[in-house]
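So the protein lines, in turn, are chains G and W.
In this text, residue positions in the first sequence follow the numbering used here: the first is 56, and each later residue adds one.
In this text, residue positions in the second sequence follow the numbering used here: the first is 3, and each later residue adds one.
Note that these hints are calculated values from the structure, not bench results.
Computed from a predicted model, the values in this text were never measured in an experiment.
Careful: at least some of the hints might be erroneous.
Stated by the list, open to error - Lysine-lysine pairs mimicking DSS-like chemistry, simulated, CA-CA at most 30 angstroms apart: (1) G:306 / W:116; (2) W:264 / W:12; (3) W:116 / W:264; (4) G:241 / W:264; (5) W:106 / W:116; (6) W:264 / W:106; (7) W:116 / G:62; (8) G:62 / W:106; (9) G:241 / W:10; (10) W:70 / G:306; (11) G:241 / W:12.
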Amino acid sequence: MATENTKTLARAMMAPSVIMLLVWMIVPLAMTLWFSFQNYNLLTPGNNSFAGFFNYQYFYTDPAFFQSIWNTLLLVVGVLLITVIGGIGLALLLDQPIYGQGVARILVISPFFVMPPVAALIWKNMIMHPGYGVFADIARFFGVQPVDWFAQAPLFSIIVIVAWQWLPFATLILLTALQSLDGEQKEAAEMDGAGFISRFWYLTLPHLARAITVVVLIQTIFLLGIYAEILVTTNGGPGFASTNLPFLIYKTARLSFDAGGAAAGGVIAVVLANIVAFFLMRAVGKNLDR
Amino acid sequence: MARAVSTKTKIGWTVVVWAVALVIFFPILYTIITSFKTEQEAIQGFSLIPSGTVENYVTVQTQRDYFKPFMNSVIISVGSTLLGVIIAVPAAWAMAFSPTRRTKDILMWMLSTKMMPAAAVLVPIYLIFLRAGLLDSRIGVTIMLMLVNLPIIVWMLYTYFREIPGEILEASRMDGASLWNELVYVLTPMAIPGIASTLLLNIILAWNEAFWTIQLTTTNAAPLTAFIATFSSPQGLFWAKLSAASTLAIAPILIMGWFSQKQLVRGLTFGAVK
Numbered sequence: 056m057a058t059e060n061t062k063t064l065a066r067a068m069m070a071p072s073v074i075m076l077l078v079w080m081i082v083p084l085a086m087t088l089w090f091s092f093q094n095y096n097l098l099t100p101g102n103n104s105f106a107g108f109f110n111y112q113y114f115y116t117d118p119a120f121f122q123s124i125w126n127t128l129l130l131v132v133g134v135l136l137i138t139v140i141g142g143i144g145l146a147l148l149l150d151q152p153i154y155g156q157g158v159a160r161i162l163v164i165s166p167f168f169v170m171p172p173v174a175a176l177i178w179k180n181m182i183m184h185p186g187y188g189v190f191a192d193i194a195r196f197f198g199v200q201p202v203d204w205f206a207q208a209p210l211f212s213i214i215v216i217v218a219w220q221w222l223p224f225a226t227l228i229l230l231t232a233l234q235s236l237d238g239e240q241k242e243a244a245e246m247d248g249a250g251f252i253s254r255f256w257y258l259t260l261p262h263l264a265r266a267i268t269v270v271v272l273i274q275t276i277f278l279l280g281i282y283a284e285i286l287v288t289t290n291g292g293p294g295f296a297s298t299n300l301p302f303l304i305y306k307t308a309r310l311s312f313d314a315g316g317a318a319a320g321g322v323i324a325v326v327l328a329n330i331v332a333f334f335l336m337r338a339v340g341k342n343l344d345r
Numbered sequence: 003m004a005r006a007v008s009t010k011t012k013i014g015w016t017v018v019v020w021a022v023a024l025v026i027f028f029p030i031l032y033t034i035i036t037s038f039k040t041e042q043e044a045i046q047g048f049s050l051i052p053s054g055t056v057e058n059y060v061t062v063q064t065q066r067d068y069f070k071p072f073m074n075s076v077i078i079s080v081g082s083t084l085l086g087v088i089i090a091v092p093a094a095w096a097m098a099f100s101p102t103r104r105t106k107d108i109l110m111w112m113l114s115t116k117m118m119p120a121a122a123v124l125v126p127i128y129l130i131f132l133r134a135g136l137l138d139s140r141i142g143v144t145i146m147l148m149l150v151n152l153p154i155i156v157w158m159l160y161t162y163f164r165e166i167p168g169e170i171l172e173a174s175r176m177d178g179a180s181l182w183n184e185l186v187y188v189l190t191p192m193a194i195p196g197i198a199s200t201l202l203l204n205i206i207l208a209w210n211e212a213f214w215t216i217q218l219t220t221t222n223a224a225p226l227t228a229f230i231a232t233f234s235s236p237q238g239l240f241w242a243k244l245s246a247a248s249t250l251a252i253a254p255i256l257i258m259g260w261f262s263q264k265q266l267v268r269g270l271t272f273g274a275v276k
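Isolated chain W, as found in the complex (with noise of 0.2 angstroms):
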């Protein structure tokens, strides 16, 4: 769009802009000022001005053993994630390249089965978790959040492989390249983008799955969601604390975030949307 803009419109608009994505992003900015507030400031009233204490930051490793569910997210979110995307890649490699007329319905099938609510499969997940001893367990989780996932994972990557042009396969393999030098050197280049874009983001849709982490940890294997959740029933004067545990627990998604805006469209639309 080439069209000349006056400053002054500019200026205007920027400023209805701004206002408007300054209101949007209000409570997690309130939240990040609040955790450099002590308790007694934290609920004095509106202020934007925090004392600039680290306290709760402190006091949230101290008490509340905050590392361990941290490590815990990043364990679960990026192991369910790879065990994902290595499950998925063959799968997403051969509908793209050697698709039939059932690849379609395949696809049309593995989204439906993201419709599927969670709440109604609780009782036997819940049952089966607790025969096979896997409550409480990182494994258990993290399986579980591999199977939510797997559509997303396979519907992603299923759309950067089809890009790739097929024709440069063959003329690699009419060069007499091997099957092996084929996937070292001439795939595996092509598909390397569209495979960390599909981990980024779904590592992020793992991180902050809030249904199973919940039901299926209680402490030792328990993530930030389920960590930040105990957080619900307040104990004295909690609002600065909580506001430190929220930062820490949002901060490293919402860089990843920020990085992963084109992915977050293109992945969750299943390709609908570019």
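Just chain G, same shape as in the assembly (with noise of 0.2 angstroms):
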């Protein structure tokens, strides 16, 4: 009886958090499915008729649509690369014994708490800004031409900012992954005449898998919904060249009123994400079953 009782009082417990997210979950995505299959321009309400499938038929013949979805892998895969391969670098310099160890990770995981939009107008007008920015000191410098970064390489550009506020991140995750290696199995390798490399391989790699997996999988979900970085920088521009699918869709919805058409992107975002989610939650859960 008394088990009953903790029963119901644990599921009253739970149910506004469980209602909340199932409301926040359906009821969105229901009235996207929804529009999708209409023609709706916000300009003018109450003139919506079924549309078929025509919004996905437009979104799919757009080659803008192409690109953004393009573009938005290459930002996830640009910057999980950056990212992983800096992150574990940095960990391993972090972790070695040096003067002012406390401050020097506080200085490398700053960035994280940089809102998007500073960090990227901070990056365009400061940093990578043709005229005025460093990168453009430092090129004439060495009296070459400063690049116009957003202009010429606009979705590196945009790679950049955005790795260098996440490389904090998996920094900080890598680190204390690293520093959980038992020292005695460190110091057995090294005794064994392991050198650095053979160490890092066989040994620090592996006890890594885990982490990695996880800076993986929680950047990814972060990743696929990059937006103010675009927004303040480039634009989208030029063309479409750094437009991602959050973009894309905030364009057709905001900029040309077609809440249908937006509504489709919306529905190809969500299919994206669970295929993204797919592969990763089958790998985690490989790794995190361990």
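Put the complex together from the two separate chains, hints included.
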């Protein structure tokens, strides 16, 4: 009887969170799905009509669509590569015995706490600006023509900015994992004459596998939704060179007022996220169960 | 690691690590320096020594009313986090202390709601906010950010609560403590550190959230993320002013972040890495 009471109480305690998240997940998704089959322009509300698959067809035949999917993937993969490889390197560095370790660590993790619009505007105006940026100053110092980063390599520039923001996160997690590595094991390997590379390859890297998986999973969730960094730097351009899927949906909904088209894009984004999540969850599940 | 390291090696590593750390921190450092330059100085080429003017900070307040978006950021980030914690504490509590076979599935499902791309539901959320008159209102954004962060809040609290030993509860019950006494004298003191860590990390996340805050606000409820984004279309010389506004926007959260390194790892990895 007592356990029955506890169970009821537990359910009641969970109800608010579960119901809220359920509503938050189902209602907007259902609406997105419904709108995606409607001709719905935000400027002429009340003129909705059934559109069949027109919105999907329209999205699908738009050259911007494939480019935006490609850009979304490039952005995720590019940032993941930089942050995971750079993060391992930085974690190994910060694990060395040095003077002022605490402060050095604080400096390295700081970019993570900078809000996206600020991070992007700092890089755009103070670092990468072709006239006044620090990169241009350096280029002129060496007598080289400064590069107009956001015009010549827009997506790459955004990858750099986002990687700068997420490098601290990867570093911090990998460092935490690294510090849990058994010191005795390391010493034993050292005494057996294992060099730095073989120690790293056969001892450190396998130990970090779980942390790397976690970094990849969590960063992917956030990186699929990159928006503000694009808005304040390139605005998706030139052309669609730096438009990813969230930005294309934003443009369709808010700048073209095409709610139906944006909803169709939203459905595609959900499908894409699910495909990525499926593979990630499988990989992570394998790794986390150990 | 009790390895003896020669002073020479230590100095060598110190130089390397500090050099790398300073390169990574440089954009932030340079922003702080530039905020104390005049607009003329800011575009005169590379220099690490500002004239030390505070004019930019004054201008940001007098011309752009900086205090308003700052207060909006405080209200929205603290409000959404408090609201989320109030809703999540009972849930996390129930899952940690009377777990059932489905607890793990529910937790995974909650995490999966985080994977829904925000842009995918932009149209319905925007229309709901429009109809309900919630666009550009602090209440609307606060509710939105609460929902966005709720899964993380539940997960974080759950991982903390799970570490409170259940035997202590039983012991106090055997000693005849009432439910109220148990809650106030036994559980609360043990739960407070976990709740505080959750508050800290989620305030940081809400402060920096830059999709919904930009989409759902214009002027009245615009927090710093939306305010700073308006600097993307420059008018005249604005480098130093942008730097001052940026420094003010990131300073409080940067300091909070320094204190929350450990919680960050734990909270954002859902307890998978400690």
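Practice task
Find the hints from earlier in the document that the structure breaks and name them by number, from lowest to highest.
Solution key: Violated hints: none; all satisfied.
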